[in-house]
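Residue numbers (the numbering used here), protein chains in the order written: chain Y, 1 to 1067; chain G, 10001 to 10260.
FYI, nobody ran anything at the bench for these hints, they're computed from the structure.
Below, computed lysine-lysine pairings styled on DSS-like, alpha-carbon distance capped at 25 angstroms:
| hint | chain 1 | residue 1 | chain 2 | residue 2 |
| --- | --- | --- | --- | --- |
| 1 | Y | 985 | G | 10054 |
| 2 | G | 10019 | Y | 71 |
| 3 | G | 10120 | G | 10102 |
Owing to the predicted nature of the structure, the values given are computational and were not obtained by experimental measurement.
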Amino acid sequence: MAEKDKDFTCKLSEYIEKLPETDITRRTLLKSGALLGGSAILMSQIEGAFKLLRTAEASGGMTAGDYPLAKAESVIYSVCLQCHTACPIKVKILNGVAVKIDGNPYSENMTPNLDYSTPLTKAAKIDAKVCPKGQAGIQSLYDPYRIVKALKRNGPRGSNKWKTISFDKAIDEIVNGGKLFASIGENRHVPGLKEIYVMRDPKLSADMAKDAKAVADGKMKVAGYKSKYTSHLDLLIDPDHPDLGPKNNQLLSMWGRIEHGRIELGKRFMYGGFGSQNLIEHTTICEQSHHIAYKEATNQYEDGKWSGGITHMKPDSYNAEFIIYFGTGFVEANFGPPAMCEKVTDGLASGRLKVAVVDPRMSKSASRAWKWLPIKPSTDAALALAMVRWMVENKRYDAKYLANANKAAAKSGGETTWSNSTHLVKIEKDGPGALLRESDTGLGDKDSFIVIKNGTPTVVKADDDKSAVTGDLDYSGEIKGIKVKTAFTILKEEAFSKSLAEWSEITGIPVKDIEEVTREFTSHGKKAGVEFYRGPVQHTNGYYNAQAIIALNILIGNTDHKGGMSVGGGHWHEYASGKNKGQFNHEKTQPNKLTAFGHKITREGSHYEKSTLFNGYPAKRPWLPFTSNVYQEALPSAADAYPYTIKALWLHMGSPGLAAPAGHTALQILADVNKVPLFFATDIVLGESSMYADYVFPDTAIWERFGNPHSSPDVPLAASKFRQPTITPLTEVVTVYGEKMHCSYEAVVLAIAEKLGLAGFGKDAFGPRWDFTRQEDWYLKNAANFAVGDKEGDSVPEASFDEIKTFTEARKHLKPTVFSMERLEKAVGPDKWKRTITVLNRGGRWANWKNEVTDGKGMLLKTYGKQLNLYAENVAKAKHSLTGKRFSGIAIYEPPKDAAGNVALDMDMPLQLITYKDILGGQSRTLPNNYWMSAILPENYLLINAGTAAKLGFKDGDKARLISLTNTDGKWRLPNHGTKDMVGKVKAVEGMRPDVVAVSWSFGHWGYGASDSFIDGKTIKGDKRRTTGLCPNAAMRVDPVLKNVCMTDPIGGSSSFYDTRVKLVKA
Amino acid sequence: MALNEIVRMHEDLENALKKPESERSWIMVIDTRKCVGDHACAVSCMAENVCPPKTAYRKVFETEFNSFPELDRFFMPTNCQHCDNPPCKKAADKSTKGAIEKRKDGIVVFNYAKLAKSPKAKEAAKKACPYYAIVDDKAGFYTDGTPVLEPYETRDFYEYDKKLNRKRGDTKGSIRKCTFCLHRLESGMLPACVGTCIGRAMYFGDKNDPESLVSELLKKEKTWNLKAGLGTQPRVYYIGYEDRTKISVATPASCIACHQ
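Could you put the whole structure together from the sequences, leaning on the hints where they help?
Right under this line is the structure:
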């Protein structure tokens, strides 16, 4: 009988693609020591491996049961970072080389996880989950293009011409400045850090900070400030504007990938040490509007202000019966697949769980979905509001839950959370504004709000857990002459502002599908939830899209419920929780620290109206009071000298030139020695942006360093992860504070701190005899705090003799520059050391799995237990800094807009551009540099609907160029580095909306080993395999008003990735 | 929630190792309802076995089915099926006896030294395999042509009962394929593709143990074998489904539609 495989799109020949020729005949003889090829450490590892081979038995035999990687002594547990999920991993080491990575079975990467007390010998044999990126971490660690020595540029910025420089000399030049580039014809004086670090007196900084805030708030006049500090005005950027802060603020530090552990170490350096406000993480090119929406929805009102909101909730997928994934999934991206996926697939296979996926593209998550809703990008609020409309029309919301106006009402109804749905809002001439209060009505006090109960205004104190207050849900009327509506009514009116058919038209989703999904969502009690991530929020309307989605969860009151929305299992605190004196309080112990002050260069967290720069509307550039880490705004603000210029940039593991939408605008600024006079970077390679630096210091790679990232709320058990070095770092050895250590971010922090004498570093930095001269002095205390626990009596057991033996055996390949028992013990003290070893032996601390993650009453074990805000008063009271118009406190639908509030959709372009991450590719590090993975996916594509392809005249595999309104020739312009095409192969699929083109991330490199670099006069050939595909970011819309940045969400701060319309032309 | 599947399979493995090799019968079960096409299995295998560049013992195929918007995407992981009637062995035996052997525990073993010396056996075996399972080891490394030949490529690794090294040429010129991670099994570890599977689609164990998880799955679910009609008697069993709206119902119906 003949066997036949039907010819669908299953293509064997495409599975392992032929990679572009690597030109194998042209061997690279690398004499320069800058890259790994010259690294003495690596050569000895290779030689060591060879020597072992030559002494191996000739038969090449192996005794059964003698597989070395099955032994506990071959394992060091650590934490991945190929993406932000930061999975706990088990790194297996052979002859000092990290050779295999798997998941840590003590952690959330196995469900259920092993009991913490499980012997190390047993855990060594049980491999938990990691995704392919985690597996391929070996290839990021041993990347041939890693830099291992400090470099100084030897040509124009971006020309990729370098010379190696001693670490000490580089630090000296950066700190002291001078005519540092005279040898290449640049005659300018480069400012050193010592010229920027002018405010050095802790008491003076605290006083000037307090009064500068008073000036900004209008409580103190500028003239008064100037006379009070008359002999210190030279410390300020601009004495006429004290709220801009001291000149210290002209050191800008931008962080790409960084996380806890390092974050607080870096903050210690920037704020209390150096005295600069300008520490900007990458969050707005990531998912910030998701976080800000959650924050506003979960802020509590205390002492006259809203604060304490959390940034993230996730469905309890272990118990849920129905989950809607908006613009995200459980297989790719999100936060993150390895821990998440199994809980969902188990539910799908057993029948417990159904999912719906809202995504213009049929993602891998959608491939498991009962319903796939191929939504038009930018319209997520419209879909959510359509769902709200249907729920209200059909009375399928939890009326009892929504009527609860305070904690006591919630408690009496068996809930832990409640909402402000019934709280009354004042309706101003220009729309809903603040919540109704005592000051308006004479009822209650300054901390209480008002609801209507049976027609009567009733005072309610949100956190009152004694007297239950419920309110009427739907109310519109007048109190004391003030027009009021409940928050619910305002949302309802927005939802009803369009018919279902009209919402359907906007979103491209048929009415029938909207109804069916909403019916399903409201058919599972509390065991249903809506989850979202970048898809709905990386838009100019991202914050509102997010609030509309969060409203769905509020309407069924599912927070804290089994199967509903969860805040996660929590964690032990790496910095003192305050409840156990046994924990180190090193984070907060910084004697003589400075008080950094002044508006950040991005003006994030500041109100335009509360600044001395206020000059009516429009402001020169947007002010973003509700958000933080507005990454894309830092460089263009500096370039526009608004609010001020910068003198130095420290770019750490970041690439604004590549990773931000319209990143090419950032490259222009980075290349400009007038806009960025001094530019130094810490990176593991010469990346797309760090190649523009004046100095690059090699950082340690993930598997060579410390850290303690946090888990997402998807993880239902308490989890504290601890990253630790698994091999001797490949970067050069440097000496700081007299200590030999490997070059890294931490070494640069310590070296600058040492040279400038910054507070909080060096001898006695944490107190008498508690030094901070090595990174272990910081990180090990974090591990010790996990070991000791947040509460008295909650410590882990001390490591046994056998466990200590395994600990040292597993680390015997580590050189003294990175590991020493004595040093680690000194960092935590002998009384905590053995317990710390227990934590280090497992790569962190986890709770034991409980089969029931609930309390038996249907609530999750760890609850949020506070108010959820359907209405965010904060946001409603603020004005858009360019239009002067009030924002909305409720979720609304609005189309994409530019910085001046004009609708910005280039409808004469046929397709809308979205990006996505394949599970094989993270934001950086992974594809195409991890060759195992690029064997599976060697390039990315312009993914379009098959029908659309035919209509546009494209066949599968045709090359096409991406063109947009602000990039009409479809190229990256790389200053001093030529151009890079945005050209890729078309891939025609059925799983795509007809009017969308999707390009996966990770490709289109010109740095990271893709181009040739020139070090000490020698050419390091780039690897053509790394040049494949395209990076679409240069097509993303440049804001027409601001001209040197992408479009941005004015409330959440997210950069717009998905609002750009494009066309494809044959290439 | 199926609890402790990984730990359970470890216990099954320990029980199997207590028996002599001839009494074990290794099989693999793949639940495609839970496969999400992430390729962690493929990359884990590449790393574990230091596979030749641009090759993988394990491949995850993918196909679309039907058209926008009511379509499906199927993922189909495969590797050597360790057939009980292996066509590769039959073909190789014609020219080089002993190049390919079948163990009593079910694993099909390639003798790299013999195969490297026998182009006839190699080509015949490759042609005979209906499962795309066999790869060539043409020497060369991923990091050839880059500044550094990296140590994860030139390190010792383990397959079957051998300690090997590609830099030493131990596999050069031979053909290679999935080994069911015999080297790991004998040290009490599941194959490299099993633990890392983020969908938890992978199962492995001893078919001769009626109380093993894999035996339970064979009893409970309607499993299916790839190209069974060829008479190869594969040791990899699949659990399928019809389409994503009925994903909890195990059925080989749609597998059979494509692959009969």
